[in-house]
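> As you go down the protein sequences, you meet chains A and G in turn.
Each residue of the first sequence is one higher than the one before, counting from 1 in our numbering.
Each residue of the second sequence is one higher than the one before, counting from 435 in our numbering.
Just so you know, nobody snuck in bad clues.
In silico negatives: residues of chain G with every beta carbon more than 12 Å from chain A:
| no. | residue |
| --- | --- |
| 1 | E443 |
| 2 | Q524 |
| 3 | S688 |
Here's a subset of chain G near chain A, in silico, CB distances under 10 Å, partners left out:
| no. | residue |
| --- | --- |
| 4 | N477 |
| 5 | I478 |
| 6 | K484 |
Ranges of calculated distance between the beta carbons of each label pair, as one might list FRET restraints:
| no. | chain 1 | residue 1 | chain 2 | residue 2 | range |
| --- | --- | --- | --- | --- | --- |
| 7 | G | K731 | A | I208 | 33 to 41 Å |
| 8 | A | T369 | G | K731 | 39 to 47 Å |
| 9 | G | G736 | A | A389 | 47 to 55 Å |
Because the hints were derived from the structure by calculation, they are not lab data.
For every residue, glycine included, the Cβ atom is placed at its ideal position computed from N, Cα and C.
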Amino acid sequence: MINCYQLNGEFNENGIKFENFNEIENCLDKGFTKLHEFPVQVIILIINEFSKKIAKNREVLMIEGVPFLSFYLKKMNIEKQLKLNLGNIEFLNSFVQVDDEKYIKAQPKGIVCHWMAGNVPTLGIYSVLQSILCKNGNILRVSKESVIAVYELLKLLDNIEVKYEGNIYSSKIILKNIALIYFNSEDENLNSQMSLKADARIVWGSKIAVDAISLMPKKTTCKDLIFGPKYSFSIFDKSAIESNDFEEYLENLVTDTIAFNQKGCSSPQVLFIEKSKLNIEEFAQILCVKFEKITKRYTNLDLEEATVAKIINKRGEYLLGRSKLAYISSGLQYTILIDNELKLEEAITGRTIFIKEVEDILDVCSLITKNIQTIGIASKNSNKILEFADKVTTLGVDRVVKIGYMNFYDSPWDGCLIMSELVRWCSLNIKGMI
Amino acid sequence: MEDLELIDELVLAQQFNIEQKKKEKLLLKIILPQLERNRGNVNIDAMYNKLGIDISSIQTLEQVPYIPVNMFKCFELRICKKEQVVRVLQSSATTTGIPSKIYLDKKTAIRQSQGLVSTLSSFLGSKRRPMLIVDNADSNKKGDSITARGAAIRGISTFASKTFYVMDKEKEELKLNIDKLREFEKKYKDEEILVYGFTYILWSKFLKVLKQEGIKLDIPNLKLLHSGGWKKLISQKVEKKVFSETAAQIFNTSEANVIDFYGMVEQAGVVFIDCQYGHKHVPNFAEIIIRDIQTLKEVKFGSEGLIEVMSILGNSYPSQAILTEDIGEYIGIDDCPCGRRGKYFRFKSRVNKAEIRGCGDTFAEREVGR
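Extracted from the complex, chain G is given alone in its bound form (with noise of 0.2 Å):
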């Protein structure tokens, strides 16, 4: 059985104050039980078997089976009942063209919100605030299916005292509407405000315009937080100095007010944003495990490796422990000057998909036939 009163307690309370040895064990308690729930889906049943796992035999959260991040793309991994699914987030099939599938109910729904809301609140501070969204309205539209910019938007939200949304859709593209830009700036240039854009938007239909107009902003109390998207700006050359930097100069702010956040769809509710040492940390209800890219364990203090993101938000899917594309380095554990306690870490790329290609290759290039 779940603990439900402490998944409550880990999700609710203040986030970044428990050490590790003891994160772990309350962890571990509450994932083991919704392994065994897990089961309920014919999919992961037949990998846990495949894999000989013996759930009560589990010791560590490292020997916790993990899921590709892609396999939300190949298989409906759905652990409640079809009638409980309130919502169903997509990701934005950026490099297959299949989105991966990540099935809410209201359990998951509510815990993701308040588990965002927690972590934030370790940054933000508790105080809603006016709030501009570098983004169109319809990218929130209610529904049962919401894109990864939705969920953050949503979630992002619940610091608004009011939202402003700045882009208008002229036959799906966005394009900065500048009136209502001034609008907003005019009314709260003096107060404290939240922006919130996804990453390449907010570079390639906001700062750039912006820059090329040669128009500047003075709202020099906001927090910009932004996410996902780096590939595509990574592919243009824009590294994150250059893209802070820019945004603390058009809107007259400091760059340490520009607030980059990692996290995924497939983990929606858990964010890793980086405190004022640039490290990312990990809210009390997740945990993250670099793994290393040739023996899949956990890599040593300094070294990179691929990002396992584990949670236990998920009641209607198994977020318990998702191995994504990303590569990080793994920095420490407790001892963050910023005072957080628990895993440290730095977020490094994308996995680089290019591959040397020599004389077998010939699948790659779909050269098959007669």
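Chain A extracted, bound-state conformation (with noise of 0.2 Å):
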């Protein structure tokens, strides 16, 4: 059964029970012509309009990562990812000549379906209104643990009014084309179902889960934009840990290493250090004090028992082997593990970051796979930064970010400009012919 919490504008918080998504798919087909009409700058009005609610609205603030989202979609920033990904924003309002009696425009995909990981509740927001740039109907299945967070961003969207070119445009026609739904994960005639009524599927999550979605039938005409599992790390590099910043770069490890209980794909597992005149007891004992510090802002842990399991076994693992440190607090505030092994660790999660050493931050290459996201950097040494990216993102790294900005979603996304992919490129040509 699918529980649908808005559609058609309209939200219930209860969810309405449909069978299969026939009706969803109608309220969709009916305000996607609407949407079709909207210029794109109103789109990004609207989404202004909505960023400023959700920076007034102090509850849902509350909600992880939601002041950096408020952010994210202020007029400024969209044009600036709509300009990155599209090259000229135009493309999607008409077309554009690109040659002599060329031209192109950014038509819409039709029905985007989004299957949502559980880890980040916020991505939902994030996905939807890319397409939504692109002028796509979407359904968006998120996870049970995140239907109350999007319920309740969502409801910032409606009812807002924006003015453009002596005209007035309503918020309800973006709603129209949003049908916010759960249903099992595991609900194979659902999953199917969904799969078969996309032009493109975005599907983020565990292995399972995109292998899943990936096997189900779809148009031959569909998009897929897969977002897997991914691993994530940070590095210090010896003038950063020399420098000044020193502590604030501390600071914003920790920052990112506690945000989304550290689930996410672009989360900091490990920490590499580059050798420098402060050792690694010294580096450890100085990163206690900044979690001690800055964990008592996040006093809800709110950790699962399967997390907590994990926690105190390795805690034991490192403070019962002779060779390893542990740095942990009384409770499960903080875990910091040391050893000499260069690898890349299992996730632990729950404010888990285990530290090595390294003689040199290059030295890391070898560790490199797909599979890496985000590296966050720490480094005062620009052309060391830019030949260290060079490296890694020839192995396989997505995004070398500075420390603390590691789970500030960006463009391009592992690997990927999603907003360019969400659109047909048609074009036009009539060289010659008038």
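Dock the two chains into a complex; use the hints.
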């Protein structure tokens, strides 16, 4: 059974039950034409107002990741992202001349189906609004854990009106192009039905999840954007460790580690530090102080039992192991584990970071695979950063960002300019005809 | 120095009769010197040093450093000399495939048996009686190493005047021998008897088989003790109530005679048996601390957390404080209507190992190749 929480611009907090996607598809089809008539500038203005409403809503701001979301949705940023993705935002409104009597327009794909992972609730909003900017209809299937957060956020998108070139436009049209739903992820029939409705499938999640959806039947014209499992880590070079900003970098590392209970694909699991005048134990002790300071602001740990068991066992392993070190809080506020094996460790999450010392930051190149998404870096040496970024991205890394920014959603993501994939690039070529 | 006399007193004397405050003082007096001795193991010494443990400043049992139960799978946590080991207890290695190894010297093995007898006496009395064991005799074979099942059978057999194994082994599969069972029933149906089996084996190889075959027994004066293996039963959606009802029906006895006890191979000798009010009580020589799963501090009454089991029985391995992967509910202290003193609790479940999986879940899928 499908539980539908928002359809046709109407919200229902208990969810309306549907057995199949027919009604949902009908509603999206109706909304689709009207959205297509919106100049993209109108959508940007509505999203900008949405961002303002989020910024004013204290309750919603408490949801993890929402303050950054509000910043991300500002007009200036959205315009920047669209330009980066499409080159010229006018492609979304009309045929734009690109050559002698040759024109290009970015037409919507149609219905975009989003399967969202449960670890980052705001991801659903990023995913669906990028698709809306491309004027697509959307079926947004969120996890059980994220329903409330996404519902509360979408509600703020209601009742927005903007004026553009003398006309008034309502956000209702945008909402009419979004169906917010939940159904059991193991329901093969519903997954299959949803998949068959899609002109584009966006899947965020674990290998099990993305594999399952990828195998579902789909239209031959359907485009897949798969954001499967990824791993991220941080690195501090000597110049950063010996700089005056060192402690600030550490605080940023803690912020990256705490966000989303460290379950994001962009959450750091390991920290590599380049040999410097500070030894690894001194480093860890200062990091403890930073964890103590920052975790006071984030008291609600809310760890799952499974994560707790993993942390306790890893702590035990590092405390009892003779060649390993552990710096831990009395509760499970943070766990710092040190050893000298140059490898990536299984993500324990729940504020658990492994620290390993390397002679040179380039030593980590041997660990890079295409599964590595983000490296959060702290360095004062821009040439070194460029050299490092070039090497690691050649080997498979998608993003190298300054420490503290690892979990900030950005474009490109996972090596993909998402909005450029959510349109059909259509051409009109009439050279010499008229 | 360990206070051996005090240990003997706590292990051998009547159980469940010391008030909590006094008990904590007595246990601390024994445990602190034991912790000093634990330092003889290089791994434990490393752990105490890393945690900055000053044993002399420990003032409560809650402050005693605990060892996560899985560490018995990763490290050789032996305190005594190798040549002093008389037996190695091994867990069933269900989840990881690696068994826990618990090294017992003579002293520990004796204390564990004594502790078990003292505890069970409080529930079974001291009379020996015929015992039906729902297992195969191989589980309790003599040797250097013994499984959790074997250890439990051996311990409870202390209360047996005679033992009868009712399961045959066919190509490593346990199969109920109905003839042997009928023979036992015929001989002892009017006597007080004991029945013991591992919960999972009792259910899947015994009760379920008898139920399917429509066989009912008539041995009403029994005490059926069972332990271990709930994880598999919960996955088959068999709840404790259903288990007890089925067992009572098959044996033609009352549900009150079906007794579940909680224990683990890493703390052999320490068992927690349900009293008539459904509470699990802690013997005088042991303790439990239910720790909050976020703060790791002891929870308040009515709250749930990880069960830490403490014991003074270990002379050859660090039994003083072991943090389990079981969830319990802390009910109260000293005031159970059954009259037993000390802490009492309820076993709730094994830790739920299922996690919310998201896009950061690479290693769990072992997908790290290029």
